[in-house]
Structures are given as structure tokens and as C-alpha cells.
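> What follows is the residue order along each chain.
2 protein chains.
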Amino acid sequence: MKILITGIGGTIGSVIADALSKQHEVTGIDIRPLEREGTVVADLTDIDAISPLFEGVDAVIHLAAERRHTPDIGWDLLLPTNVVATANVYDAAHAAGVRRFVFASSMHVVGNYETDEPWASIAAGRYDGLDPETVPLVTADMPVRPDGRYAATKALGESLGRYYADCEGMEVVCVRLGTIADSNAIGDDPRGCVTWFSHADLAGFFSACVEAPGIKYEIVYGASANTWKIYDTASGWKALGFTPSDNAEDHRPKS
Amino acid sequence: MKILITGIGGTIGSVIADALSKQHEVTGIDIRPLEREGTVVADLTDIDAISPLFEGVDAVIHLAAERRHTPDIGWDLLLPTNVVATANVYDAAHAAGVRRFVFASSMHVVGNYETDEPWASIAAGRYDGLDPETVPLVTADMPVRPDGRYAATKALGESLGRYYADCEGMEVVCVRLGTIADSNAIGDDPRGCVTWFSHADLAGFFSACVEAPGIKYEIVYGASANTWKIYDTASGWKALGFTPSDNAEDHRPKS
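In the order they appear, the protein sequences are chains L and H.
The opening position of the first sequence corresponds to residue 1 in my numbering, with each subsequent residue numbered one higher.
The opening position of the second sequence corresponds to residue 1001 in my numbering, with each subsequent residue numbered one higher.
Derived from the structure by calculation, the hints contain no laboratory data.
Be aware that a few hints might be false.
Residues from chain H that keep clear of chain L, each with C-beta distances beyond 12 Å, as calculated [unchecked claim]:
#1 L1034
#2 E1037
#3 S1121
#4 N1184
#5 R1191
#6 G1204
#7 A1234
#8 P1244
#9 K1254
Per the computed footprint, the stretches of chain H lying under chain L, defined by three or more beta-carbons under 8 Å from a beta-carbon of chain L, are [as the list claims (entries may be wrong)]:
#10 1068-1080
#11 1083-1093
#12 1147-1158
#13 1163-1171
Here a beta-carbon is modelled for each residue, glycine too, at the ideal position from N, C-alpha and C.
With the hints as extra help, turn the sequences into a complete structure.
Now the structure itself:
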């Protein structure tokens, strides 16, 4: 397959491009020049500039985004990168007949469930009386509860994906990503042990996102097989035919 | 209450402003000059220009929108009016401490359910074997299924509302509007008999949207008490304490 990755120079892009290149022809777009072969510098807000780059592409992985998600992040930053660029990448992919589209969404799209119990306790590391095998989970079909403007723009990307899947026959996977550290390390906060996505699992997961057969539209949660969960990761693993191999508990810093 | 209506010059704005003015102080913003007292001409994409208009306002009704929703509607039209303007109106309302926010969303946000049965049959007027009292309905908590880019922008407005409600304590009502005709007439297509929202019911409904106590965040469907339904209008009426009085069947053109 020919795979085009936007934002290929970021942490996630670098990890998955290395892995996918073993099986596929990987090209990339980034806003900054990169040494990686097949990478083009382009501004995704310029649809005329980027459209030719989608010709002949089988699968797009759209990672490029403003990733700051603090409450005070403004529309001046979010609009070009998380709205216009995402709209353009969908449009360019559709115009070029791209079959599979993987959209990097975020757990923040449903992040406000973490203010409810039992998830608030799990995120805070208060495990008393909770059994990780039986806690209820936030699933993919629960209403969105964005925890900020950033999250609302990610919900928009998911909505657009649903439209292109339902009406245009594009195969769309929206990955509500957890926490991917540059260093692959787990921090010492308990929420990070819920959302940790190891680099090895990340690579296998995205390979499954582009390769899994029978996909129409899926929202999947992106995290490793961590003991403590808030989000229903298992349904996504099943849809994608993917088995994670890491668990944050095995790598948690000793206190 | 002091109520600010954006897009007050449109069909919906005119109907509800007349009704709300009997009980409340109504001001308005429109992109075109209007003869209505209290109406200011302003461009909602200019947050500095509009922010002062939100001071002292108790409730905002955000109607202004690009309302064309054909599949070929482009981002050149949707971005300024349905994305930037909506983001700005939420921001300005929040900054001014507005308590209640009513967002004019659309049934198109979930419009692709109409491609599934039994809703496809109902929308096409094929009623054989269906009982309007027992057909399943599209509820407010089902995942969005936008039928185009326009609909995806309306889903964004709903997501932003959820954020402001969850995190900022704003009381938000998202109205997934059906069909409001300039003339109040019902067309001869069966879907219009499902989605018809009479002017009288529209006015009462929006009054309830601003006045109903105990609202945190609600998604409600906006249509009259029509015999044939696709969307779960009744839950919204209950949340708002509103009783519609019209039914499309009583006004349907004789064939």
C-alpha cells in the first residue's frame, strides 16, 4: 500500500512511519523540513498545494494537529491546524479516491467523563473498592464530552469522518489517542497509567488501522493493555484484529 | 430577561423575536440592516466588534448560520459562518457571563440515520406495516451521523456547547431543528411531514429553551407534534416543559 502520513515529523509520525515503512510505501507531509525520504514540506491549509500529494495514495494517516489542549488554547491556533487542515485533508483524500483514512483523534473528545465516578477516582489513583476487571468503561458510542476547544475540534474531525464513511464510502478509523511520550516513558501520575500507549503498541495499532479488512467507520481508543482503564480499548482491538503487548503497570515508576 | 438573538433577520429569528419580545427584552445581531428595534449590524467573525453586545445579556440564541446544506457546499462558505462565528459567539457569551445559550443545530447532524430502516421508509412516505406509535426513534444520545459538511459544523457547535456546559457552567440547549418554511406551509414530500415545525410551535419552543429551569445541557429535536416521527421529539418537550399544538397531518396538502 501507498500510505501518506500528515505531521510525519512528530513523535507519533516518526514511530509509525518507521514501522509502516517495512511493509508499505510511506510518504509524508510536514510543516517543517525533515530528513526522512519521501517527505514533502507543505501547509495543509493550502488545499491546492497539497492535493497532488494524495494521487495514488491508498491510505491517509492524518496526524498533523495543534496538540496543545489547555483550556486557554485559542481559536487563532486551533482554526488553521485542527479545523481548516483537517477539512482539507479529508477533501483532498476524497477527491483522490483514497480508500482508507485514519484520523488521529483524542481521548479528550470524551475527557469530561473523567470528572464522573468511578473514572475520577481511577484517574487520581484512588483504587480502593474498585476491581479493574469490572469497572464500567467509556465506550465509543457514548455522546462526546469534550474537555476544551481542542477536543471539540477533534470531535469535528470524527464527525467529518463519519460523513465521508456514510456518504462517500471512505473507510474511516478515528483513533482516540491516549498518552504517547517522546521517551516512551510513563510519568508518575496515575492517569498516565490509564492512557499510556507504548511506542511498540502504537506502531502495531496504526498498522492494523491501515490494514484491517472490513472497516466502514470505527472509533477506537488508543492505549496499551494497561491494568487500569477508563476507556473501552478492547472493542477497538477486536475491530482491528490487534493485540497489544504492553501494560503500564509493568513499567510504572517505583514510588 | 435580556435575550440576544444572532441572525435575528432570518425566518426563525423573525418568528421567535416577535414572540419573545412580549415577555423579554430582545436585542439582535444580523449581517444585514433591519428595521427591528434593538438590532445591530455586525459580523460575527469579528469577536472584538461583537463582544460588547453580550454585556448584561441573560440568554443568547445563536441562529446565524450558512444554512445551505447540499453535499457540494464548500468550506469557503461554512468556515466563517458556521465555525468561526459559532466559536466567537460562544466565547463572547462566556466572557460576558451569559447564563443560558441556545444553539440552533439541525436534524442533519443525525441525518444519515434516515438511510436506515424504518426511517428511510418513513421519510419516503412508505408507511405499510409501520405503526407511528411504536416505531423506534433517533434519540439525542445516539452517535452523530452528519449527512454533509454543513451537518458536521453543526455537530461542532453542539460539542462546544457540551464543553461550555460541562466545564464552564453555562446552561446550553442545542436544538436539532427540523423544517421551518418561510410561509409556515408543509410541502408535499413525506419527510417534510416528519420534520415540520410550525411557526406557533417554534415560538413556544424557543421561549421554553430560554425559560426552562434546571437545564445543564440538553440536545432537543425541534419539530411539531407530527404523527410520523423519526426523531425523539418528546424527550425534549419534557426537558423543556413544552407542549406543541400542531401536527403536520392536520395541514398536509391533499393529494
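> Does each hint hold? Answer for all of them.
Do the hints match the structure? See the list:
No beta-carbon of chain L comes within 12 Å of the beta-carbon of H:L1034; the shortest separation is about 28 Å. In this structure H:E1037 is separated from chain L by more than 12 Å, as the shortest Cβ-Cβ distance comes to about 32 Å. Separation of H:S1121 from chain L is adequate, the least Cβ-Cβ distance of about 18 Å exceeding the 12 Å criterion. For H:N1184, the condition that its CB be more than 12 Å from all CB atoms of chain L holds, with the nearest at approximately 31 Å.
At the 12 Å boundary, the C-beta of H:R1191 stays outside the reach of chain L, the nearest C-beta of that chain being 17 Å off. Listed as a non-interface residue, H:G1204 keeps its Cβ farther than 12 Å from every Cβ of chain L; the least gap is roughly 27 Å. With a least CB separation of 19 Å from chain L, H:A1234 remains clear of the 12 Å interface cut-off, as annotated. Annotated as non-interface, H:P1244 keeps its C-beta farther than 12 Å from every C-beta of chain L; the closest such distance is 25 Å.
The Cβ of H:K1254 lies farther than 12 Å from every Cβ of chain L, with a closest approach of about 35 Å, so its non-interface assignment holds. Taking a C-beta to C-beta cut-off of 8 Å, the stretch 1068-1080 of chain H contributes 3 residues in contact with chain L, enough for the three needed, and the coverage statement holds. Residues of the stretch 1083-1093 of chain H lying with their CB closer than 8 Å to a CB of chain L number 5, which satisfies the three-residue condition for coverage. For the stretch 1147-1158 of chain H, the stated coverage by chain L holds: 8 residues have a C-beta nearer than 8 Å to a C-beta of that chain, and at least 3 were required.
With 3 residues bearing a CB less than 8 Å from a CB of chain L, the stretch 1163-1171 of chain H meets the requirement of three and the coverage assertion stands.
Checked against the numbered hints listed earlier, the structure breaks none of them; every hint is satisfied.
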